[in-house]
Amino acid sequence: MRTTSNWRTATVAVLAVAIVNLGLASTAQAGIVGTSAIVSTARDSDLASIRTQLERADVRAQMEKMGVDGANVDLRLSTLSDGELHDLARQMQNAPAGGDVLVLIGAVFVVLIILEVVGVIDIFKRR
Amino acid sequence: MTLSRQAAGMLLAACVLLGGCVTRGPLLESASRVVELDDTPFFPQDAHQCGPSALATVLGASAVPVTPEELEPRVYLPGRRGSLQVEMQAAPRAYGRLGYRIEPELSAITAELDAHRPVLVLHNYGLPFWPRWHYAVVVGYDGPQDKVTLRSGRKRRQQLSAANFMRAWDNGGRWALVVLRPGELPAHPDKPRYLEAAAAFEGVAQPKDSWLTFDAAVRQWPDEPVAWTGRGTASYREGNRVAAAADYRAALNIDDTQAAARNNLAMTLLEMGCASQAKQQIAQIEVEKLDDRLRNEVADTLRQVNAGTDSSTCAAP
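Sequence lines, in order, name chains A and B. Using my numbering, the letters of the first sequence map in sequence onto residues 28 to 154. Using my numbering, the letters of the second sequence map in sequence onto residues 1077 to 1393.
If you're looking for bench data, these hints aren't it; they were derived computationally from the structure. Do not take every clue at face value.
[Said to hold, decoys possible] 20 Å max Cα-Cα, derived SDA-like pairs, lysine to any residue:
| no. | chain 1 | residue 1 | chain 2 | residue 2 |
| --- | --- | --- | --- | --- |
| 1 | B | 1267 | A | 110 |
| 2 | B | 1355 | B | 1386 |
| 3 | B | 1284 | B | 1313 |
| 4 | B | 1355 | A | 57 |
| 5 | A | 92 | A | 113 |
| 6 | A | 92 | A | 118 |
| 7 | B | 1223 | B | 1190 |
| 8 | B | 1267 | A | 111 |
| 9 | B | 1231 | B | 1249 |
| 10 | B | 1365 | A | 85 |
| 11 | B | 1223 | B | 1243 |
| 12 | B | 1355 | B | 1384 |
| 13 | A | 92 | B | 1284 |
| 14 | B | 1231 | B | 1123 |
| 15 | B | 1267 | B | 1355 |
| 16 | B | 1267 | B | 1298 |
| 17 | B | 1223 | B | 1192 |
| 18 | B | 1365 | A | 118 |
| 19 | A | 92 | B | 1154 |
| 20 | A | 92 | B | 1385 |
| 21 | A | 92 | A | 104 |
| 22 | B | 1284 | B | 1294 |
| 23 | B | 1355 | A | 88 |
| 24 | B | 1355 | B | 1372 |
| 25 | A | 92 | B | 1149 |
| 26 | B | 1284 | A | 105 |
| 27 | B | 1231 | B | 1284 |
| 28 | A | 92 | A | 76 |
| 29 | A | 92 | B | 1156 |
| 30 | B | 1223 | B | 1257 |
| 31 | B | 1223 | B | 1109 |
| 32 | A | 92 | B | 1157 |
| 33 | B | 1284 | B | 1140 |
| 34 | B | 1284 | B | 1257 |
| 35 | B | 1223 | B | 1187 |
| 36 | B | 1355 | B | 1385 |
[What the hints assert, rightly or not] From chain B, some residues computed to sit far from chain A (all C-beta separations above 12 Å):
| no. | residue |
| --- | --- |
| 37 | 1141 |
| 38 | 1269 |
| 39 | 1339 |
| 40 | 1380 |
Bear in mind the structure is a predicted one, so any value in this text is a computation, not a measurement. Using N, Cα and C, we set each Cβ at its ideal position, and we do this for glycine too.
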């Protein structure tokens, strides 16, 4: 039946993605150790791979909560190294997020006007 | 009121509030030079999109034609109304480029500009208790005038005095990033940082691109086993087992305790039909000295090697 085969295709697709995601932690082919495991900053610990899995889930949840579309979360996670994943998991809420400029200038403008009026600064004078 | 005027006013206000400006000598070391990478693209920023705009600018300068709109789903975080440094550094990998964080010195920025690479920086225009983060791209400097030129916000060409630039950059933690083509080294390459960038790139890159990044490392640091191992793995992924085996052997010649190189060499030899040589290699690994992750890999390779037999296709030297 048509619907059944559609469901089957969808299920297979979802499972395929899930399996691929499981394998993301080890980037090279089976049997070959990825170079990331041996660079100087690699965190060699018995818990490393388990922690990476947990952090991946944690970052995924945080990103979705912060308004990132589910499919894009996968795109973003796929480019991160384990160390970067670790950093994100720890500080996604309060790491610097570069974005402001237009809004901020409005706010600072108000501060400047106050300072100007009070006479602390004198930068708006016409030349 | 133009943006730069506002930005300058803002810096001035910050300066006053922070307890007065200190007059200093010129900050730009290469005082006689004027450099401007005028062909660097420009993407005027909308709302909070300075991350995607700045990233599109440096990627464009590195011959990757991508728009801020395309980058937005990769680096913009709606809940934070901005982009995080970690993701800014990681995103270029998806476009065949390495994000590399340079030294936190003005001289490192000018060195990159001298090498025709614009530099993405994080500025903080706010106050210590009220940070305002902003990404911009340095595209030039003017030694005689002690000024720095940026693509920033809605300004295609913003000039800041080196002192004002440094103030905002200091407050932003002196974070600066360049985008490297595969095979391209930064102006002042730092070995651990470059290898880490190359290893992170390996997970995403085409084997050919990964080979180029490690090849550059091999040339720069011929005594570094990790560089040879990385290049070997890139060759392996390309299907070139002979070249892979040669690079893994080169790594082991430098340091015969490199378990990853030996494991990978054994695996490569096995696939070349040389099971007994593979066994010899695996036998030399001191398994008890490895961490769990590597030990599991080696155990796995050992199982496969033990199940293998020599074949007439064995062409290893």
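Right, here's what the structure says about each hint:
Among the hinted pairs, residue 1267/B with residue 110/A is consistent with the structure: their alpha-carbon atoms are about 17 Å apart, no more than 20 Å. For the hint pairing residue 1355/B with residue 1386/B, the CA-to-CA distance comes to about 11 Å; that is within 20 Å, so the pair holds. A distance of roughly 9 Å separates the Cα atoms of residue 1284/B and residue 1313/B; the hinted pair therefore holds under the 20 Å criterion. Proposed proximity of residue 1355/B and residue 57/A is supported: the alpha carbons are some 17 Å apart, at most 20 Å.
Under the criterion of a C-alpha separation no larger than 20 Å, the hint pairing residue 92/A with residue 113/A is consistent with the structure, at around 18 Å. The hinted pair formed by residue 92/A and residue 118/A meets the criterion: a straight-line CA distance of about 15 Å does not exceed 20 Å. Among the hinted pairs, residue 1223/B with residue 1190/B is consistent with the structure: their alpha-carbon atoms are about 15 Å apart, no more than 20 Å. Only pairs whose Cα atoms come within 20 Å are accepted, and residue 1267/B paired with residue 111/A is accepted, the gap being roughly 18 Å.
With a C-alpha separation of about 23 Å, the suggested pairing of residue 1231/B with residue 1249/B is violated against the 20 Å cut-off. Pair hint residue 1365/B plus residue 85/A does not hold up; C-alpha atoms about 32 Å apart against a cutoff of 20 Å. Distance restraint check for residue 1223/B and residue 1243/B: the Cα-Cα separation of roughly 13 Å lies within the 20 Å cut-off, and the hinted pair is therefore satisfied. As the CA atoms of residue 1355/B and residue 1384/B are separated by approximately 9 Å, the hinted pair is consistent with the 20 Å bound.
With a C-alpha separation of about 37 Å, the suggested pair residue 92/A and residue 1284/B falls outside the 20 Å cut-off, and the hint is violated. For the suggested pair residue 1231/B and residue 1123/B, the alpha carbons sit about 14 Å apart, so the restraint of at most 20 Å is met. Between residue 1267/B and residue 1355/B the CA atoms are separated by roughly 33 Å; this puts the pair beyond 20 Å, and the hint is violated. This hinted pair checks out: residue 1267/B and residue 1298/B have alpha carbons roughly 11 Å apart, not beyond 20 Å.
Of the supplied pair hints, the one linking residue 1223/B and residue 1192/B holds, its CA atoms being roughly 18 Å apart against a limit of 20 Å. For the suggested pair residue 1365/B and residue 118/A, the alpha carbons sit about 33 Å apart, so the restraint of at most 20 Å is broken. Restraint check for residue 92/A and residue 1154/B: satisfied, since their Cα atoms lie roughly 9 Å apart, inside the 20 Å limit. Of the supplied pair hints, the one linking residue 92/A and residue 1385/B is violated, its CA atoms being roughly 53 Å apart against a limit of 20 Å.
Proximity of residue 92/A to residue 104/A is assessed by CA-CA distance (about 15 Å); at most 20 Å being required, the pair is judged to hold. Between the alpha carbons of residue 1284/B and residue 1294/B the distance comes to roughly 15 Å, so the proposed pair stays at or under 20 Å and holds. Restraint check for residue 1355/B and residue 88/A: not satisfied, since their Cα atoms lie roughly 44 Å apart, outside the 20 Å limit. Proposed proximity of residue 1355/B and residue 1372/B is supported: the alpha carbons are some 16 Å apart, at most 20 Å.
In summary, the hint linking residue 92/A to residue 1149/B is supported, as the alpha carbons are separated by about 15 Å, within the 20 Å threshold. The suggested pairing of residue 1284/B with residue 105/A holds, with an alpha-carbon distance near 19 Å, which does not exceed 20 Å. Among the hinted pairs, residue 1231/B with residue 1284/B is inconsistent with the structure: their alpha-carbon atoms are about 38 Å apart, more than 20 Å. A distance of roughly 24 Å separates the Cα atoms of residue 92/A and residue 76/A; the hinted pair therefore is violated under the 20 Å criterion.
At most 20 Å may separate the alpha-carbon atoms for a hinted pair to count; residue 92/A and residue 1156/B meet this at roughly 11 Å. Distance restraint check for residue 1223/B and residue 1257/B: the Cα-Cα separation of roughly 28 Å exceeds the 20 Å cut-off, and the hinted pair is therefore not satisfied. At roughly 11 Å between alpha-carbon atoms, residue 1223/B and residue 1109/B fall within 20 Å of each other, so this suggested pair holds. For the hint linking residue 92/A to residue 1157/B, the alpha-carbon distance of about 13 Å falls within 20 Å, and the restraint holds.
Using a Cα cut-off of 20 Å, the hinted pair residue 1284/B and residue 1140/B holds, with the two alpha carbons roughly 17 Å apart. Annotation: proposed proximity of residue 1284/B to residue 1257/B holds, straight-line Cα distance about 12 Å (limit 20 Å). Between residue 1223/B and residue 1187/B the CA atoms are separated by roughly 15 Å; this keeps the pair inside 20 Å, and the hint holds. Restraint check for residue 1355/B and residue 1385/B: satisfied, since their Cα atoms lie roughly 10 Å apart, inside the 20 Å limit.
No beta-carbon of chain A comes within 12 Å of the beta-carbon of residue 1141/B; the shortest separation is about 19 Å. A Cβ of chain A approaches the Cβ of residue 1269/B within 12 Å, the least distance being about 9 Å, so the stated non-interface status is violated. The claim that residue 1339/B lies off the interface is violated: its Cβ sits roughly 5 Å from the closest Cβ of chain A, which falls inside the 12 Å cut-off. At the 12 Å boundary, the C-beta of residue 1380/B falls inside the reach of chain A, the nearest C-beta of that chain being 6 Å off.
Figure legend: structure checked against the earlier numbered hints; hints not met, in rising order: 9, 10, 13, 15, 18, 20, 23, 27, 28, 30, 38, 39, 40.
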